[in-house]
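K.L.:
Fit chain U to the known structure of chain P by using the hints.
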Amino acid sequence: MAYEKVNELNLKDTELCLGLPGRTEEIKEEQEVSCVKSNNKRQFEETREEEESTPPTKTQIVGWPPVRSSRKNNNSVSYVKVSMDGAPYLRKIDLKTYKNYPELLKALESMFKVTIGQYCEREGYKGSGFVPTYEDKDGDWMLVGDVPWDMFSSSCKRLRIMKGSDAPALDSSL
Amino acid sequence: MGLRLPSKVLEHILSFIDSNEDRNSVSLVCKSWFETERKTRKRVFVGNCYAVSPAAVAKRFPEVRSLTLKGKPHFADYNLVPDGWGGYAWPWIEAMAAKCPSLEEIRLKRMVVTDECLEKIAASFKDFKVLVLTSCEGFSTDGIAAIAATCRNLRVLELRECIVEDLGGDWLSYFPESSTSLVSLDFSCLDSEVKISDLERLVSRCPNLSSLKLNPAVTLDGLVSLLRRAPQLTELGTGSFAAQLKPEAFSKLSEAFSNCKQLQSLSGLWDVLPEYLPALYSVCPGLTSLNLSYATVRMPDLVELLRRCSKLQKLWVMDLIEDKGLEAVASYCKELRELRVFPSAPDLDEANIPLTEQGLVFVSKGCRKLESVLYFCVQFTNAALLTIARKRPNLKCFRLCVIEPFAPDYKTNEPLDKGFKAIAEGCKDLRRLSVSGLLSDKAFKYIGKHAKKVRMLSIAFAGDSDLMLHHLLSGCESLKKLEIRDCPFGDTALLEHAAKLETMRSLWMSSCFVSFGACKLLSQKMPRLNVEVIDEHPPETRPESSPVERIYIYRTVAGPRMDTPEFVWTIHKNPEIGVSHLAIK
Numbered sequence: 001m002a003y004e005k006v007n008e009l010n011l012k013d014t015e016l017c018l019g020l021p022g023r024t025e026e027i028k029e030e031q032e033v034s035c036v037k038s039n040n041k042r043q044f045e046e047t048r049e050e051e052e053s054t055p056p057t058k059t060q061i062v063g064w065p066p067v068r069s070s071r072k073n074n075n076s077v078s079y080v081k082v083s084m085d086g087a088p089y090l091r092k093i094d095l096k097t098y099k100n101y102p103e104l105l106k107a108l109e110s111m112f113k114v115t116i117g118q119y120c121e122r123e124g125y126k127g128s129g130f131v132p133t134y135e136d137k138d139g140d141w142m143l144v145g146d147v148p149w150d151m152f153s154s155s156c157k158r159l160r161i162m163k164g165s166d167a168p169a170l171d172s173s174l
Numbered sequence: 001m002g003l004r005l006p007s008k009v010l011e012h013i014l015s016f017i018d019s020n021e022d023r024n025s026v027s028l029v030c031k032s033w034f035e036t037e038r039k040t041r042k043r044v045f046v047g048n049c050y051a052v053s054p055a056a057v058a059k060r061f062p063e064v065r066s067l068t069l070k071g072k073p074h075f076a077d078y079n080l081v082p083d084g085w086g087g088y089a090w091p092w093i094e095a096m097a098a099k100c101p102s103l104e105e106i107r108l109k110r111m112v113v114t115d116e117c118l119e120k121i122a123a124s125f126k127d128f129k130v131l132v133l134t135s136c137e138g139f140s141t142d143g144i145a146a147i148a149a150t151c152r153n154l155r156v157l158e159l160r161e162c163i164v165e166d167l168g169g170d171w172l173s174y175f176p177e178s179s180t181s182l183v184s185l186d187f188s189c190l191d192s193e194v195k196i197s198d199l200e201r202l203v204s205r206c207p208n209l210s211s212l213k214l215n216p217a218v219t220l221d222g223l224v225s226l227l228r229r230a231p232q233l234t235e236l237g238t239g240s241f242a243a244q245l246k247p248e249a250f251s252k253l254s255e256a257f258s259n260c261k262q263l264q265s266l267s268g269l270w271d272v273l274p275e276y277l278p279a280l281y282s283v284c285p286g287l288t289s290l291n292l293s294y295a296t297v298r299m300p301d302l303v304e305l306l307r308r309c310s311k312l313q314k315l316w317v318m319d320l321i322e323d324k325g326l327e328a329v330a331s332y333c334k335e336l337r338e339l340r341v342f343p344s345a346p347d348l349d350e351a352n353i354p355l356t357e358q359g360l361v362f363v364s365k366g367c368r369k370l371e372s373v374l375y376f377c378v379q380f381t382n383a384a385l386l387t388i389a390r391k392r393p394n395l396k397c398f399r400l401c402v403i404e405p406f407a408p409d410y411k412t413n414e415p416l417d418k419g420f421k422a423i424a425e426g427c428k429d430l431r432r433l434s435v436s437g438l439l440s441d442k443a444f445k446y447i448g449k450h451a452k453k454v455r456m457l458s459i460a461f462a463g464d465s466d467l468m469l470h471h472l473l474s475g476c477e478s479l480k481k482l483e484i485r486d487c488p489f490g491d492t493a494l495l496e497h498a499a500k501l502e503t504m505r506s507l508w509m510s511s512c513f514v515s516f517g518a519c520k521l522l523s524q525k526m527p528r529l530n531v532e533v534i535d536e537h538p539p540e541t542r543p544e545s546s547p548v549e550r551i552y553i554y555r556t557v558a559g560p561r562m563d564t565p566e567f568v569w570t571i572h573k574n575p576e577i578g579v580s581h582l583a584i585k
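From first to last, the protein sequence lines are chains P and U.
Residues in the first sequence are numbered from 1 upward in steps of one, following UniProt numbering.
Residues in the second sequence are numbered from 1 upward in steps of one, following UniProt numbering.
Hints are not guaranteed to be accurate.
[As the list claims (entries may be wrong)] Taking CB as the label site, the calculated pair distances span:
no., chain 1, residue 1, chain 2, residue 2, range
1, P, 92, U, 18, 53 to 63 Å
2, U, 197, P, 102, 24 to 34 Å
3, U, 542, P, 126, 26 to 36 Å
Read the hints as simulated data drawn from the structure, not as lab findings.
For every residue, glycine included, the Cβ atom is placed at its ideal position computed from N, Cα and C.
This is chain P alone, in the form it adopts within the complex:
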């Protein structure tokens, strides 16, 4: 690339990188281009070491595409796949049609004809045999209900209703 020679700067020394995964082999999969990470928070460029230890995720370019945050939050049509252990096929629901957790859980219960029960902060979903979990933007599997609804609905990528016996026991001392 022509720009690698500009001002005799060695790209790697300066820790700046342009381009996205797949563009050239040198560029890593997990990378953040540009400094500011999240809405209204001032954060600056991470060092290479920190980037290497994070799990592989899709590259997130800050401020791209150039759409205001108000549009990003409202506009995405958020269909997510829902799987249930033992069910023969998956379903899809639009998270935007629910305003809170009780509505979502009721819908899931009626969709899969199961009882999920009540969420409780220390022990999760007691005594129901089914545990609703979700995969978030970072690729981690989380228990449904821990974070505020808005945070959940914007970061939930897919849902999985685990069978109680398979779900790891929650340690109430945590």
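P.N.:
Just chain U, lined up with the frame of chain P:
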């Protein structure tokens, strides 16, 4: 030699001159013209709040009635400018309050406005009429309450896409019963529910109310009741449409809309269910402006609505409209002047909407009056750009965002150089241009050569070398604002064209290869430019050749600003000092 117009005569002549550009020229003729002009100027526009000091403006224009200010750089809209950067309204409000008590109108864009500011406005300007805050932040609903309570002749209160600390809907009840002067009210960006009965009473007692933009918390029932009280509205922003459809609700809504015979502009429509759209059909034939960009409505429903809008001039919509929908727009909306198509799934990995370059081609072919375009699309072709340029040489604003950075023409795999060449060459009146996709330095050679009237240019992930910047700074004669991110140019072109920067309002560069050393040189060479570096650490702690992450350069007669936060470094004019936070050391 002694021919001199009495100042009263000159004043009378100047009263016919509105344009600030003309008035600026008038003020340069001689001292007495300068004096007469400044005492009679009613409208002041400051495009960069740091270009001139508030005190200087207040002193020069004591009779100002309307002040418009802009603060943060445009890229702040996309989170590229950290919080606390600046753009404070307070010094301006303070200066105006002290010297210009006749001020009636304040319009601020991308500025930090506190409750203190709003209270000061309410207290200082006896005949205050118009407050428009666009993309502002820093205030709460308490500040709005102060304006509502105190400004007896308030005509316009518009909060456009502001970030407001929402302490509840009480602010609305602060409009006194005696307040009947409202012409325009926009609180669409607020979250909290207002008391609908207060709103109904306010609307009922303001006979001149012609523009009302509600927030999503206003229900459909509320909307119906308001429309019944204000059938004279010309602009309406609805609340949320998410309620379950009930037959009586639908017919009431339909009837309410059909009584609004003067409605020209419609927006809001958050979460509108397709079943509700027919309630709008009666107003469609009169609509000139329709903002569906928050409505997740899909295809056939969209066309059913749009084919009734034969007078439409402005359409904002999401890519859910697809190529098919734009083809319909091209055939039904022959008066269209402005089209904006936003992405419904801004995350790169979710884009699989059937909207392609073909949609924009349809509209360019069918809508002869089209002059302003903002279009988000996953990929594009040179052929489409050539067609658009050929069909629409009257384009004034062309902003294409190819969502996939570095995406070439997907049919030929070439850069989009030829396409943008056609746009620059063909659209001779182009004032604003945003480019994207794979672009080599050649694209910028063409833009520099042909885009002689472009005033604002936005560039991202483009070019190969310093040549790109060289072409732009040497070619684009009318360039006033340039914003560039993630482009591989360095110091050479910037330093070579330092003088050009003083003819521009501002230059933003982020994630490029401009070095700290070059910033210093530039600042020392150009006394009337502020060169500001945004960096967590003092730029001096890095080698001179090391690139700086974000730079904002702007012309100013006010010197370095005094309010920089810890992460903004003003490069000092004195080579010995280097950088500083404070203006004067």
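K.L.:
Determine for every hint whether it applies to the structure shown.
P.N.:
Outcome of the hint check:
1. P:92 - U:18: 53 to 63 Å: holds, 57 Å
2. U:197 - P:102: 24 to 34 Å: Because 30 Å falls inside the window, the suggested range holds.
3. U:542 - P:126: 26 to 36 Å: Violated, since residue 542 of chain U and residue 126 of chain P (Cβ atoms, about 56 Å apart) do not stay within the stated range.
When each numbered hint is compared with the structure, a violation occurs for hint 3 only.
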